[in-house]
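Both chains come to you apart, so use the hints to assemble them.
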Amino acid sequence: MKKSSLEKNRRFSLLSTLLSLTLVFLAGCGDGNSVDSSTKSPSDGKAVELVYYFPTQTSGPLAVAMEEIVKEFNAANTGVRVTATFTGNYDETMQKTLTAISGGNAPNVVLSGYSLSNLLSIDALVDLNTLIAKEPKDFLDDYIPGFFTLFEYPGDLLYGMPFQHSGTIMYYNKDIFKAAGLDPENPPASWSELKAATEVIKAHDASLIPFEFMGDNWMTEALALSNGGGVHQDMDTMSLDNPELIETVSFFKGLMDSGLAEDNTSYGGAAENFLAETTAIMTNSSGSLGNVSKTATFDWGIAKLPAGDGKDPVALLGGGGFIIIGEHPQEKIDASWEFVKYMTSPEVSAKWMLASGYFGPRQSAYELPEMKAMYEEKPQFATTLELLPILRSPFMVTSHFAEVSNTFKLALDESYLNNADITATLQKAQKEAQAFLDK
Amino acid sequence: MSAKATNVDWDKSGAAAKRKKIAATVIVNAIILVVSLLFLLPLVWIIITSMKDQMDVLKQPLAIIPSEFMFVENMKEVLRRAPWGVFYKNTIIVAVGVLVAQLCISIPAAYAFASFKFKFMSFFYLFVLARLLVSPESLLLPNYLTINGLNLYNTLLGIALPSIASAIAIIIFRGAFLEIPAALKDSARIDGCGDFRYMLVIGIPTIKSRIIAFSITSLVYQWDNYFWPMVITESVQKRTLAVGMAYFGIQAESASEWGLTMAAAILVVLPLLVAFVFFQRQLVDSFVTSGIK
Numbered sequence: 001m002k003k004s005s006l007e008k009n010r011r012f013s014l015l016s017t018l019l020s021l022t023l024v025f026l027a028g029c030g031d032g033n034s035v036d037s038s039t040k041s042p043s044d045g046k047a048v049e050l051v052y053y054f055p056t057q058t059s060g061p062l063a064v065a066m067e068e069i070v071k072e073f074n075a076a077n078t079g080v081r082v083t084a085t086f087t088g089n090y091d092e093t094m095q096k097t098l099t100a101i102s103g104g105n106a107p108n109v110v111l112s113g114y115s116l117s118n119l120l121s122i123d124a125l126v127d128l129n130t131l132i133a134k135e136p137k138d139f140l141d142d143y144i145p146g147f148f149t150l151f152e153y154p155g156d157l158l159y160g161m162p163f164q165h166s167g168t169i170m171y172y173n174k175d176i177f178k179a180a181g182l183d184p185e186n187p188p189a190s191w192s193e194l195k196a197a198t199e200v201i202k203a204h205d206a207s208l209i210p211f212e213f214m215g216d217n218w219m220t221e222a223l224a225l226s227n228g229g230g231v232h233q234d235m236d237t238m239s240l241d242n243p244e245l246i247e248t249v250s251f252f253k254g255l256m257d258s259g260l261a262e263d264n265t266s267y268g269g270a271a272e273n274f275l276a277e278t279t280a281i282m283t284n285s286s287g288s289l290g291n292v293s294k295t296a297t298f299d300w301g302i303a304k305l306p307a308g309d310g311k312d313p314v315a316l317l318g319g320g321g322f323i324i325i326g327e328h329p330q331e332k333i334d335a336s337w338e339f340v341k342y343m344t345s346p347e348v349s350a351k352w353m354l355a356s357g358y359f360g361p362r363q364s365a366y367e368l369p370e371m372k373a374m375y376e377e378k379p380q381f382a383t384t385l386e387l388l389p390i391l392r393s394p395f396m397v398t399s400h401f402a403e404v405s406n407t408f409k410l411a412l413d414e415s416y417l418n419n420a421d422i423t424a425t426l427q428k429a430q431k432e433a434q435a436f437l438d439k
Numbered sequence: 001m002s003a004k005a006t007n008v009d010w011d012k013s014g015a016a017a018k019r020k021k022i023a024a025t026v027i028v029n030a031i032i033l034v035v036s037l038l039f040l041l042p043l044v045w046i047i048i049t050s051m052k053d054q055m056d057v058l059k060q061p062l063a064i065i066p067s068e069f070m071f072v073e074n075m076k077e078v079l080r081r082a083p084w085g086v087f088y089k090n091t092i093i094v095a096v097g098v099l100v101a102q103l104c105i106s107i108p109a110a111y112a113f114a115s116f117k118f119k120f121m122s123f124f125y126l127f128v129l130a131r132l133l134v135s136p137e138s139l140l141l142p143n144y145l146t147i148n149g150l151n152l153y154n155t156l157l158g159i160a161l162p163s164i165a166s167a168i169a170i171i172i173f174r175g176a177f178l179e180i181p182a183a184l185k186d187s188a189r190i191d192g193c194g195d196f197r198y199m200l201v202i203g204i205p206t207i208k209s210r211i212i213a214f215s216i217t218s219l220v221y222q223w224d225n226y227f228w229p230m231v232i233t234e235s236v237q238k239r240t241l242a243v244g245m246a247y248f249g250i251q252a253e254s255a256s257e258w259g260l261t262m263a264a265a266i267l268v269v270l271p272l273l274v275a276f277v278f279f280q281r282q283l284v285d286s287f288v289t290s291g292i293k
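If you're matching them up, the sequences are chains A and B in order. Note that the UniProt record's numbering has the first sequence beginning at 1, numbered continuously upward. Note that the UniProt record's numbering has the second sequence beginning at 1, numbered continuously upward.
No lab work stands behind these hints, which were simulated from the structure alone. Any given hint might turn out to be false.
In the BS3-like style, the derived pairs of lysine-lysine whose C-alpha atoms are separated by at most 27 Å in a straight line are [what the hints assert, rightly or not]: (1) A:Lys351 to B:Lys76; (2) A:Lys71 to B:Lys76; (3) A:Lys294 to A:Lys174; (4) B:Lys76 to A:Lys46; (5) A:Lys351 to A:Lys372; (6) B:Lys76 to A:Lys294; (7) A:Lys46 to A:Lys341; (8) A:Lys178 to B:Lys59; (9) A:Lys202 to B:Lys59; (10) A:Lys71 to B:Lys59; (11) A:Lys71 to A:Lys351; (12) A:Lys174 to B:Lys238.
Please read all numbers here as calculations on a predicted model, not as lab measurements.
In isolation and in its complexed conformation, chain B is listed as follows (with noise of 0.2 Å):
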């Protein structure tokens, strides 16, 4: 260690200085691999329990190779106890089709909040504030009266009305809305561009980063949502998955089935996995290129 900073001290030379530019950046590799690690562990832990058999994931919690491996037979149990067909179903309906509906309307909104000026527009957007402001579980119960007296309980649409508006997406797309420079408003409005078009082909591509953010945290959040779909339907055939989930992993009076957990686990996270494994690039460059400017 102390070899290491007497180096430093002796040579100040270029190529000194290059070597400690190599330093840095495989210490902070070094470290990125780290952290990665630790977000992956869990995802590896999920993996390696699923092909596990019980006895095995109580005597060898720590093993990283099963003595047996029961994968086929631990999905098969899974697949046999719940209907999972149907909860992917609903659930790729109930999210895309929130997202889609939420883009539709948080969008318009959050650009009037950006580029206009018209009566009340402060108190208005206090209650679009004041919407985050609401805990999700003190609303359970209104929401549940609301959806039931408009005739939509143990419906898709029941399950995904009460997140359809979201404030918090207009209130960040207000926000990258704010961010572009007047200029370029300007000179598209030379050029006989109205406010809609604006919106649709400057606007939208312009904050695309933050649209593709908002949009995984949507998806995500819909995706693993369990106590409102739950309350609000009744039949199997309008469930979701992170219901489907709460069928395994019960340990209120015996030890969980962890093997069939994980295995359960697998199903409901694998879709997002892959399809963000997909997309990784466009995500990428999406995030790395926010906003024009």
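The shape of chain A in the complex, shown without the other chains (with noise of 0.2 Å):
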């Protein structure tokens, strides 16, 4: 390089190299005190600016129908205006509600799953029951109780609204029934009824998969707790080597080694299966019913899990409510409230139970003319209502949920999938579970 076009050279590269420099690191590094924009003057005399995350998690045009709910809110409510904000499934709204928080621009309402300990480990939410002590005496009165129990902590803390819930059911078809030679009206109903309708389906035709299950956490708690079992005893003592448990791992088990079951671990999956007409008989979610129902071109049915022998079926519940994100002026949690009640109405309640196969929160709703024609003119939607009577919540745990539920999935991947010895995997799994919430 000449010297005379140094000192040149020398200016332009400099800038040039921290022009880039300034945005590379600018882009790489925040500095952890940005402006707390979540407390911005709420506007005078102006409408309350709510914004609310929602995330889908069945298929069908259900984004469209929730935005049209809350252009209808804001239509009727000048006094609050929410901005719906679609946010992909469960997991990935948790985790933009989470980076909101952190970086002060957190949302108002959330439409949550029920695994809320990552915001209550940073105590983010408000406790319902100080907004519903506000309200008439009979505000609950119309809600259905067993949804609530997703969102109760101990101390009376209440921290979501429930507002679409799914319950675990079976699905068969009622086709491949008839033509094995099977009632179609009478599904099995008991383990030993289960395992005849699959050898017979087995008999029919050799080709189809008879029995389709999820040996994942949330499936074999239901069909343990069928089986008047269960996974945990209360919210800080697990159970996973339980005797009425490790019955019905190696119950089912048993049918995936008879070549008369499979451990499918997607919901979706086994659902294409089912409607595929290669799997007669399946478990699944209750939030399923939408999408069976729109396509299927078969007669089919549903009916609750099959029980252990001797033993009452339960249906566990699933789903997902609105939390209320508490950083905010009482101002703005108090339109999140109205807004909660709003999408917690017997009307909105049963446009959602409509748009999307889900459970709704409210008694009435399930009384109103639009969802009894449904229930006439889909009857399977009708047999839902059998389950609620016998919902049970998912096991919950005070602390290290993700590492409880992981320790167990495990243990199921390797009983159902790896042949390990189910009672002896269990009984390790049991051990290493209470580690963590004996911590």
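Structural data, given as structure tokens:
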């Protein structure tokens, strides 16, 4: 490089280097002291602005339906304006919510799954009992009590309002039942009936999968509860080695080993096999109802999960509800509560049930003419109402939910897929899971 | 098989060599054809599936001809469910904007690293290299805080800004500038060409192929980017195509609507595909004639 141009070069190079480095680090680093924009001063006299995150967990035009419902709310409530934001699935919604809270940009209302431990660990949520206390005494009378258990915590705390719920359920193909010589109006209700039915189906057509179930935590807990067992005693004590659970896993593993059943890890995948008529009976979420009912070209029915012989069937509850994020002025929290009350009103509840196939939270919604007409037209949906009295909440623990769940899941995979000794595997899982809780 | 081998052993005349050459060409082309078909297959599958109705997808997943052509119906439903026009506009603005900004910043920076000697040069270059070691996931929160602090939450600039400084572009272009023979620069200098002009008039055309190759990667990356645009935006008016795609293919609690999902995938892929077919000649040219040397 010639000396004469060195000076110019140096200035040029420094400039371009600095410019690019600034941008690299602007992109790469945050200083952690970002402006707290969540406390933007409430607009004077104007509508209170709320941000609402919603995921969709089932296929169908649900985002469109949700945006319409929010639009109607905005039209009817001049004092509040809600921006509805689609945020992927439950997990992505949780991640976006956590990021937004850390960034001081917290949303006001989130439609969330029931696993709230991340948000509770940063104390982000409003205890809804404090808001319910301001309502008339009979406020909760029309809400179905069972759904609240998903959001209740020790110390009389309530962090969510139920909105969209599903339960574990059995779907079966009536056409295949008829062809195989089984009574299509009499689906298997007990394990021995299930085993007999799958044997008949296998004998009728060896290319069919007689029965598909999910060897995951949720479905296994449902099957174990339907055998008088369970997976935990209380929020501090797991019970992964109780005899009823071991019996449950052993029974379904036995069906697999005899070629009568398959463990499908994906609820959607099982539903697709069922719709393609390669599977005769499946366990699934009632959240699949909308899709199955829209797509199936054959006669099908639903029933409670088969129970252990002589035991009562149980349906395990799932789904999501509204949570209200706390880091906002009271005015916004009150407006959020108005919005949540609207979203859980019988009319909106019915609208959402029709759009999604989920259970809504209001008793009177099921009595509305549009719901009655739907039950008339789709008798399978009416059958789901039989689940309401037998719904139970999935296990919840006070701490280390992710680790405990993971331990349980690994033990199930070992048992169902790797032919491990079931009793020993579950006993080991119990020790590990309990160790997390005793920490 | 053995006949062929002995055939080669027998005769080593010129004609045989020629035949051998032809055979080699045929074999090479056959391999290329098979490999390109493999790459093409997913795209063909997207198109086939987008024409099927849900039951058709599930019952005859391998059928090439749909039992009923549902493409128009599927596309209508996909268009009804999301504001694709808004998504297109935003995606084009972000992808093209990011690319232009990336080139404006990284080309001069790369040129500086390649051509000048200045204090702490290797130190600064180390910073650029270090940027490559940081995974995008770990930048989610810091980027969010920065963008939010700059009041750029829920803006297109907020989506674009973190991608504008590209370490990989600086590294690629620096390498390309270093490959230009020194003699070329010396002769330009003798003719009175300054650094800036040299970079614009000689440097950039010389490394054109690398710039185009980087541009394609950058465009495709921004086009497909899902999680960051989803996290940093809030209103539908600021969202991009990949977020629109997420309205479909949901499988958490129900079977996916594959026909619709694939129709949506076509909407996302089509503009890029058309652009690449359209510019194919220039692209291939630029890859073949990489550097004058």
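Status of the hints after comparison with the structure:
1. A:Lys351 to B:Lys76: 23 Å, holds
2. A:Lys71 to B:Lys76: Holds: Lys71 of chain A and Lys76 of chain B sit about 23 Å apart, inside 27 Å.
3. A:Lys294 to A:Lys174: Holds, at roughly 16 Å.
4. B:Lys76 to A:Lys46: The given pair, whose Cα atoms are some 38 Å apart, is violated under the 27 Å limit.
5. A:Lys351 to A:Lys372: 12 Å, holds
6. B:Lys76 to A:Lys294: Cα-Cα ~18 Å, so holds.
7. A:Lys46 to A:Lys341: 21 Å, holds
8. A:Lys178 to B:Lys59: Since the Cα atoms of Lys178 of chain A and Lys59 of chain B sit roughly 20 Å apart, the hinted pair holds (cutoff 27 Å).
9. A:Lys202 to B:Lys59: Holds, because 20 Å separates the two Cα atoms, which is no more than 27 Å.
10. A:Lys71 to B:Lys59: At roughly 38 Å apart (the allowed maximum being 27 Å), Lys59 of chain B and Lys71 of chain A break the hint.
11. A:Lys71 to A:Lys351: 14 Å, holds
12. A:Lys174 to B:Lys238: This hinted pair is violated, its Cα atoms lying about 47 Å apart.
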